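Visitor: Each chain, letter by letter, is given below.
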Amino acid sequence: MEWLNRILEVAWGFVPITVTFIVVLMIVAYTVLAERRVLAFIQGRLGPNRVGYGGLLQPFADLLKFILKEDIVPDKSTRFVYFLAPVVAIMTALMTMIVYPFGPAVYIPILGEVRELVIARFDVALLYVLGITSVGVYGIALAGWSSNNKYSLMGGLRAASQLISYELSLGLSLIGVVLLSGTLDLYAIVEQQSGWYGLQWNIWRPDRIQFFGFLIYLISAIAETNRVPFDLPEAETELVAGFHTEYSAMKFALFFMAEYVNMLTVSMLATTLFLGGWNGPGVASFPILGVFYFLGKVVFFLFLYIWLRGTLPRFRFDQLMNFGWKFLLPVAILNIIFTATFAYFGLFG
Amino acid sequence: MITLLFILFAGLAVGCAVSVVVQRNPLYSAISLVGVFVSLAALYVMLAAPFIAAVQVIVYAGAIMVLVVFVIMLLNVEEEVRRRLRLRFLIPTAVVLAAVLIAETAFVIYFVQAQPSPMDPGTSEVGLTASIGTGLFTIYLLPFEITSVLLLMAIVGAMTLARRAQNVPVGVGVAPGAQVLTRSIVNPKAIGDATPVITNSTAEAERLLGGEKEE
Numbered sequence: 008m009e010w011l012n013r014i015l016e017v018a019w020g021f022v023p024i025t026v027t028f029i030v031v032l033m034i035v036a037y038t039v040l041a042e043r044r045v046l047a048f049i050q051g052r053l054g055p056n057r058v059g060y061g062g063l064l065q066p067f068a069d070l071l072k073f074i075l076k077e078d079i080v081p082d083k084s085t086r087f088v089y090f091l092a093p094v095v096a097i098m099t100a101l102m103t104m105i106v107y108p109f110g111p112a113v114y115i116p117i118l119g120e121v122r123e124l125v126i127a128r129f130d131v132a133l134l135y136v137l138g139i140t141s142v143g144v145y146g147i148a149l150a151g152w153s154s155n156n157k158y159s160l161m162g163g164l165r166a167a168s169q170l171i172s173y174e175l176s177l178g179l180s181l182i183g184v185v186l187l188s189g190t191l192d193l194y195a196i197v198e199q200q201s202g203w204y205g206l207q208w209n210i211w212r213p214d215r216i217q218f219f220g221f222l223i224y225l226i227s228a229i230a231e232t233n234r235v236p237f238d239l240p241e242a243e244t245e246l247v248a249g250f251h252t253e254y255s256a257m258k259f260a261l262f263f264m265a266e267y268v269n270m271l272t273v274s275m276l277a278t279t280l281f282l283g284g285w286n287g288p289g290v291a292s293f294p295i296l297g298v299f300y301f302l303g304k305v306v307f308f309l310f311l312y313i314w315l316r317g318t319l320p321r322f323r324f325d326q327l328m329n330f331g332w333k334f335l336l337p338v339a340i341l342n343i344i345f346t347a348t349f350a351y352f353g354l355f356g
Numbered sequence: 003m004i005t006l007l008f009i010l011f012a013g014l015a016v017g018c019a020v021s022v023v024v025q026r027n028p029l030y031s032a033i034s035l036v037g038v039f040v041s042l043a044a045l046y047v048m049l050a051a052p053f054i055a056a057v058q059v060i061v062y063a064g065a066i067m068v069l070v071v072f073v074i075m076l077l078n079v080e081e082e083v084r085r086r087l088r089l090r091f092l093i094p095t096a097v098v099l100a101a102v103l104i105a106e107t108a109f110v111i112y113f114v115q116a117q118p119s120p121m122d123p124g125t126s127e128v129g130l131t132a133s134i135g136t137g138l139f140t141i142y143l144l145p146f147e148i149t150s151v152l153l154l155m156a157i158v159g160a161m162t163l164a165r166r167a168q169n170v171p172v173g174v175g176v177a178p179g180a181q182v183l184t185r186s187i188v189n190p191k192a193i194g195d196a197t198p199v200i201t202n203s204t205a206e207a208e209r210l211l212g213g214e215k216e217e
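Protein chains in written order, with our numbering: chain A, 8 to 356; chain B, 3 to 217.
This is chain A alone, in the form it adopts within the complex (with noise of 0.2 Å):
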């Protein structure tokens, strides 16, 4: 009966990642319900509000209507990288899922044991997270590509160079707190934070304060998700819509959800790096608010980048460019030189 002990070994192991991924999915799919509602009343209008209590079932009727269209493909596409592109993107953005922190231990019943609720912990967690998120300019790079059509490839390719770009300084942000907490794994990260009331987390943190690599890494990871004001590889009044003109129906939902699974990946890196995880009043007593308290804060991000969306215009391409190669980029480099030099002397205690 051994081999059957395995089968249910690894089985087990699925039951974290599929929870994750309902999970996750239910967030994106009233991540797009909110932006949708909040976007409207800010610009004084009253959004979706019909399918359901306030429109609280209009996901599902987009899901339907996602699935129900029909499926064009350009004629003279490149029929293989054009059915790869939306996969690779959907994928990259979902596997980054697995290493983020979103509990301390916690009892669960039904095992009847006490768990971290993290799906997978190990020694390079972050540099996992960074090199899943550099694949996922796949995705859009050769969505652009195949499409056959010159709008797609522009945005492909500003999409590509702005990724490119973005990405240095996003790493090098994240740096500084590597420096301070000496290790890759997240939970380990989370851990250090906790205590004092919410005053060890590292965005203030008297010792190891990262303020700064926070801002960068905030505006950072906008460029990287392709967000407002950096949305310009979907820009409508140049490109039309950019590298996913081209696609339609459960092809185009894809990209759609890539784009906010991207956006709920770098809230939660954002979450456990600098603003303490799951930390949170009451959580050593009662650690399952840990997971609410982790959540709380990702929904706070959400809700910056749709505040973001309904407040500021576009940026030009060039002044996108400028702004990451001649600002951000030496910002980030001199944080990283105060904050070692600032270790290495002993300052941060």
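In case anyone wonders, no lab produced these hints; they're calculated from the structure. Predicted, not measured: the structure shown is a model, and the values here were computed from it. Built from N, CA and C at the ideal position, the CB exists for glycine as well. A few of these clues could be false.
Across the chosen pairs, the derived CB separations fall in these ranges [stated by the list, open to error]:
#, chain 1, residue 1, chain 2, residue 2, range
1, B, Val73, A, Val235, 27 to 33 Å
2, A, Trp10, B, Thr95, 48 to 54 Å
3, B, Thr5, A, Leu206, 46 to 52 Å
4, B, Arg165, A, Val235, 32 to 38 Å
5, B, Ile157, A, Leu206, 40 to 46 Å
6, B, Ile66, A, Val94, 19 to 25 Å
7, A, Ile344, B, Val73, 50 to 56 Å
8, A, Val235, B, Thr95, 54 to 60 Å
9, B, Gly159, A, Met98, 33 to 39 Å
10, A, Trp211, B, Ile157, 44 to 50 Å
Partial chain B-side listing against chain A, Cβ under 10 Å, derived [as the list claims (entries may be wrong)]:
#, residue
11, Asn27
12, Leu29
13, Ile33
14, Ala56
15, Ile74
16, Asn78
17, Leu92
18, Ala96
19, Ala100
Place chain B on chain A using the hints.
Guide: Below, chain B alone, put in the same frame as chain A:
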């Protein structure tokens, strides 16, 4: 379990590597190469070297190949046409070299005493980030710094070559006649400034385009 995963990723790596060579479309070759890098990274993880795996994905798949794909897309490289083989002696040479390579591999597998099993990822600490960092900044500091200088040289060289192309002689590319230019064309420093600059003759436009560039 680990054997199954090894067969899966090793097969994927070999398949993608063959595809890199066989494909006629350069973009397909590039995508296959990305596949090779990703499956190699998975193999590194199984060999208890997660740091190398992560760096493999970030540097090769995430940075270098993105640039290659970018250039292929930008230049719109056409599919290679299948031509008749001219250097016929290459085929027997390739066969002989392949035989030598296979023989070497067989020799290594059968006669060299290998480690009984791959290192257990749970217990080995050789491939972890901390031990690699310690090694890089203590024992291997000099090679590490020399490699960095090498990369710096490459960057400086690329910058020099790229800048040289901009020293175009004065007046080249000026259209004849009176014209209206934007300030951003006349003065490269005023990027995005669309204020019109009116010139009444070819000579004036030439002077404007050449004159402000030199400052």
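Visitor: For this structure, which hints from the list above don't hold up?
Guide: 7, 10, 17, 18, 19
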